[in-house]
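**Q** For this one, chain A is given, so just place chain B on it according to the hints.
Spelled out, the chains give:
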Amino acid sequence: MKNDVFIVGAAETPLGEVKDHSEFSMLALAADEALGEAGLSLSDVDGLLVNYMGEQGTVQVSEYLGIAPRYCDSTDLGGAAFEAFVHHAQLALQAGECDVALIGFASRQRSKRQRSSLPPPIDSSSLTAQFQTPAGLPLPIGHYALIAARHMHEYGTTREQLAHVAVAAREWATRNPKAWEREPLTVDDVLGSRPICEPLHRLDCCLVTDGGGAIVLTRGDRAEDATKPAVRILGAAEAVSHWHITELDDLTTSPGAASARRAFERAGIGPQDVDVLQPYDSFTITVLIALEDLGFCKKGEGGPFVAEGVLAPGGELPSMTSGGGLSYNHPGALGVQLLIESVRQLRGEAEDRQVPDAQIAVAHGVGGMMSTASTVVLSR
Amino acid sequence: MTALFDDPVTAPFWDAAQEQRLIFQRCAHCRSAQLYPRALCRRCHRRDIEWEEASGSGTLYSVTVVHVAVSDTIATPHAVGIVELEEGPRILAPVTPIDVTIGSRMVLRWLLPPEGAPIAAFEQLETGSHS
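Protein chains in written order, with the numbering used here: chain A, 103 to 482; chain B, 567 to 697.
Chain A with its partners taken away, still in its complex shape:
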């Protein structure tokens, strides 16, 4: 339909350890490449949606790119912002608030060694500084560790089951030449890696790399110039829950339950229709809880479900097919790259990791301390 919204371009920034670019130049390259796929150029962009690109990010990126968008959005939903941006861009495009929307992100967190387990609070009287920091919990991993420990307590989930998530991600990564980690990985490797915040060990955690990407969206009436198959947005939604871990009543349920329910409702399909899934794999437990919250298995059954090998190549629910944040790339916010991999799978251009005849893909972002979630359902 004319008013349907499509992804017509998708491109990664340089990945890994990026020594010859800045965040802005990385984003500019990815935007240019994605627009090229769409048969469009930067001067066509009149909607801009970015997160983590500095203070007033849409303003700084607009200036750098030499564009003057009439629709801007820097809603900070952490790593889930980018799937939420698809929802926001869809609404803006359908309302005629813009005609070509660009979603982007780039980070050099690895090269700049920006990652810190317990950054000092900016405001020494913030609620976090008063009621959370003094307990000595590194963030965000400490929150996910408490979530994992509770899931194990309530449902008997084991570290071995969680390890299967990391092993599946690595199996996909061995098929992706752009993946940071490509050596084969076993469950025992994960179990034997050093503990960070128990029950989570080093190999339960995502990478710290440079990276990012760009996505271009437009309505059906502007999608004709696309050089590659356009990918349709069937449904998108976001949800938020807590900021402080004490305020999340049920540690084993994420806001993804609400975002997925709404996104599937809008798409008019359900989890049984999904051919390929890109869940935000910040930690192994993040994926386990997403699988339950999106309805791929029942609450509490994520452990046995992943241990069957369903996520790996050849499994029933191919997931993290780029290798994910665990093995492919994690620049601090993976959301754009979840969308890029979804697009490549639906276009049939994922080469050695192509899921045969993938028709429906879901990108599921999770941000903050499992504080935010956003779900996008896509079709070929």
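For the record, the hints were derived by calculation from the structure and aren't laboratory data.
As the structure is a computational prediction, the values presented were derived from the model and not from experiment.
Mixed in with the good hints there might be a few duds.
[Stated by the list, open to error] Here are a few chain A residues that face chain B, going by a calculated C-beta distance under 7 Å:
(1) Gln232
(2) Gln234
(3) Arg252
(4) Leu293
(5) Glu300
(6) Thr348
The beta carbon of each residue, even a glycine, is placed where N, CA and C say it ideally should be.
**A** For chain B alone, kept in the frame of chain A given last:
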């Protein structure tokens, strides 16, 4: 008493903490409890909320053993847990011993750093039974 934080809404909590009393808010309308102080009830959003003192007893809801250094004052590894106070609200706190398990009965023990705010820490009750 010197103000520990520049936050007028939480000042009564920290005044009490300096007397080694753990207080929280309870809604006079819906009776739900909340630990960090707010201008309204987080459940029913009414403003008639009252201060109440916690007994200091609770149950360990979740726990993690942290192996990365987080500060100069906390020796690593250390355990951090979510304790559900018997009055209802939850608090994030250092917990001991390091192998304490979820469901353990816990009791409040204030930590008094040489500088800064007192820290509400929790210790496993020795006679405690696991749920």
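**Q** Taking the hints in turn, state whether each one holds.
**A** How the hints compare with the structure:
| no. | hint | result |
| --- | --- | --- |
| 1 | Gln232 | holds (5 Å) |
| 2 | Gln234 | holds (6 Å) |
| 3 | Arg252 | holds (4 Å) |
| 4 | Leu293 | violated (15 Å) |
| 5 | Glu300 | holds (4 Å) |
| 6 | Thr348 | holds (4 Å) |
Comparing the model with each earlier hint shows a violation of hint 4 alone; every other hint is respected.
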